[in-house]
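Novice: Note that the protein sequences, when read in sequence, are chains B and P.
Just so you know, we're using my numbering here: the first sequence kicks off at 1 and counts up by one.
Just so you know, we're using my numbering here: the second sequence kicks off at 264 and counts up by one.
It is worth saying that the hints were derived from the structure and are not from the lab.
What you are looking at is a predicted structure, and each value in this text was computed from that prediction instead of being measured.
We put the CB at the ideal spot given by N, CA and C, even for glycine.
Any given hint could turn out to be false.
Only some residues are given here: those of chain P computed to face chain B with a beta carbon under 10 Å [said to hold, decoys possible]:
no.: 1; residue: 449
no.: 2; residue: 453
no.: 3; residue: 455
no.: 4; residue: 482
Sample of chain P residues facing chain B (criterion: CB under 8 Å; computed from the structure) [said to hold, decoys possible]:
no.: 5; residue: 271
no.: 6; residue: 391
no.: 7; residue: 437
Over the 10 Å line for every Cβ pair with chain B, so calculated as not near, a few chain P residues [said to hold, decoys possible]:
no.: 8; residue: 295
no.: 9; residue: 306
no.: 10; residue: 324
no.: 11; residue: 347
no.: 12; residue: 366
no.: 13; residue: 382
no.: 14; residue: 386
no.: 15; residue: 463
no.: 16; residue: 471
no.: 17; residue: 478
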Amino acid sequence: MTLIDLANPTRFLALTARLLPWLAGATVILLALGLYQASLAPDDYQQGATVKIMFIHVPNAWLSMFVWGVMSIASLGTLVWRHPLADVAAKAAAPIGAAFTFLALLTGSLWGRPMWGTYWEWDARLTSVLILFLMYLGLMALWRAVDDPSRAARAAAVLTLVGAINLPIIKFSVDWWNTLHQPASVMRMGGSTLDKSFLIPLLVMAIAFTLLFLTLHLAAMRNEILRRRVRSLQMMQASRVAFSSEVGTGSRQENASKEVGAA
Amino acid sequence: MTALSALIRRDIRIALRVGGGALIGVLFFLTVVVLMPFAVGPDLALLSRLGPAILWLGALLASLLTLDRLFMADHDDGSLDLITMSRTPLELACAAKALAHWIASGLPLIVATPVLGLLLNLDMVATGAVALTLLAGTPALTFTGMIGAALAVTLHRGGLLMAVLVLPLSIPVLIFGVAASQAVIVGPMTFGAPFSILCALSLVSLVIGPFAAAASLRHGLD
């Protein structure tokens, strides 16, 4: 089974139908395990119990960037290799990524209120993540503005790749601009500065959220494929109705070309 | 090369003649700047403190306003198809069109800046700093905006969507443009650091913009 075999949507649907229950099960188990471990984690000596927001906030923030990365790779697949499932993957990922980004902003602001004394601060990390959120919304609007899915896919792919410039800016914003947000502590040169009692639940939660994304993404991709099938069936139905109603020779040719365009 | 210079001359000529709309941008810029004292109050000290930010916002909105003409008119009368099919690489043609657009609608904004600076009680040095940062930064606005214009031309009702898509990309330009000109007026910061980042942003968009715009035109128009 290679990537090319997956280009066949039917085979993809069959594979994901078998895969999805396992993924969903693993997600639930890991989420339960991670939340349990997080509840056992000690309170921070400075932050008290509010530090536990971290176990939700950090995975969401990590996925907000990871999803855009997945969409960028899918956009390359759309533009370079014309992989038929790539634009389905990119389209299905956008709302999920927007949701993760929104949750990261929301939990971050709830965490910021007791820690920094403010819900919102115009610091580099917060602002760049907010821009990421706006770009997700703009991308979703772009998907809806074009009727033809394959044309929408290519327009969105260009925008996704241009927007990927924002990812390194977000990642390094805490190092380049020294503002309120704390610098990187988990993934950094010279190992993590986080204590094991925090690090292990955090990693479990991160893996659980990544699995959650994979589950949601595959399910959304299945929905998108089915939605496109319904759409092309409706187009065929519409052109068949047009055939039977007007049997004139001139319009016949026109309808035939429309049907080819729809398929 | 002659094809490109002909394209640039044609675009500038169209933009400057009746109905071309290049000078509408300056009028809009003036309107935004005139509106500001009504919004924040006619306090001259406050206005000179906010001056660079107001001028930058006005220029940003004005250049956004004129952007949808970049490809839309050519798309409507069919010449965009000719440009796409011609032997000149589409990337170069896009760059030439953006350059012409910047000369016709970006440069007048910079020329208007000293006059508008007077209205906002900016002194000579501050006005010069804002004009210099606009000179360095508006190419970035045009060349990133071109990506949005190319996306919008392939949609049917893309005008408003373009603003939503382009504005997030122009935030870094705004940040460093205002930072550099504020550095001259108040700041403990030096002018050089944000200004060179601004120049770098312009250079990067000069490279990325034509390729992304040409890609979306090529994929969108078929």
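Novice: Compare the structure with each hint and give your call.
Specialist: For each hint, the structure was consulted:
Hint status for residue 449 of chain P relative to chain B: violated, with the closest Cβ pair at about 18 Å, above 10 Å. A least Cβ separation of about 16 Å between residue 453 of chain P and chain B goes past the 10 Å threshold, and the interface hint is therefore violated. For the restraint placing residue 455 of chain P at the interface with chain B, the shortest Cβ-Cβ distance is roughly 17 Å, beyond the 10 Å limit, so the hint is violated. Hint status for residue 482 of chain P: holds, given a least beta-carbon distance of 4 Å to chain B, under 10 Å.
The criterion of a C-beta within 8 Å of any C-beta in chain B is not met by residue 271 of chain P, whose closest approach is roughly 24 Å, and the hint is violated. The interface hint given for residue 391 of chain P is violated, since its Cβ lies 27 Å from the closest Cβ of chain B, which is over the 8 Å cut-off. A cut of 8 Å between beta carbons decides the hint on residue 437 of chain P: the least distance to chain B is about 11 Å, and the hint is violated. Every beta carbon of chain B lies more than 10 Å from that of residue 295 of chain P, the smallest distance being close to 22 Å; the non-interface claim holds.
No Cβ of chain B approaches the Cβ of residue 306 of chain P within 10 Å, the least distance being about 23 Å, so the stated non-interface status holds. No Cβ of chain B approaches the Cβ of residue 324 of chain P within 10 Å, the least distance being about 17 Å, so the stated non-interface status holds. With a least CB separation of 15 Å from chain B, residue 347 of chain P remains clear of the 10 Å interface cut-off, as annotated. Non-interface call for residue 366 of chain P relative to chain B: holds, since the shortest CB-CB distance, roughly 24 Å, exceeds 10 Å.
Non-interface call for residue 382 of chain P relative to chain B: holds, since the shortest CB-CB distance, roughly 27 Å, exceeds 10 Å. With a least beta-carbon separation of about 28 Å from chain B, residue 386 of chain P lies farther than 10 Å from that chain, consistent with its non-interface assignment. The beta carbon of residue 463 of chain P is kept farther than 10 Å from every beta carbon of chain B, the shortest such distance being approximately 13 Å. Separation of residue 471 of chain P from chain B is inadequate, the least Cβ-Cβ distance of about 7 Å not exceeding the 10 Å criterion.
With a least CB separation of 5 Å from chain B, residue 478 of chain P falls inside the 10 Å interface cut-off, contrary to its annotation.
Of the hints listed earlier, those the structure fails to meet are numbers 1, 2, 3, 5, 6, 7, 16, 17, in rising order.
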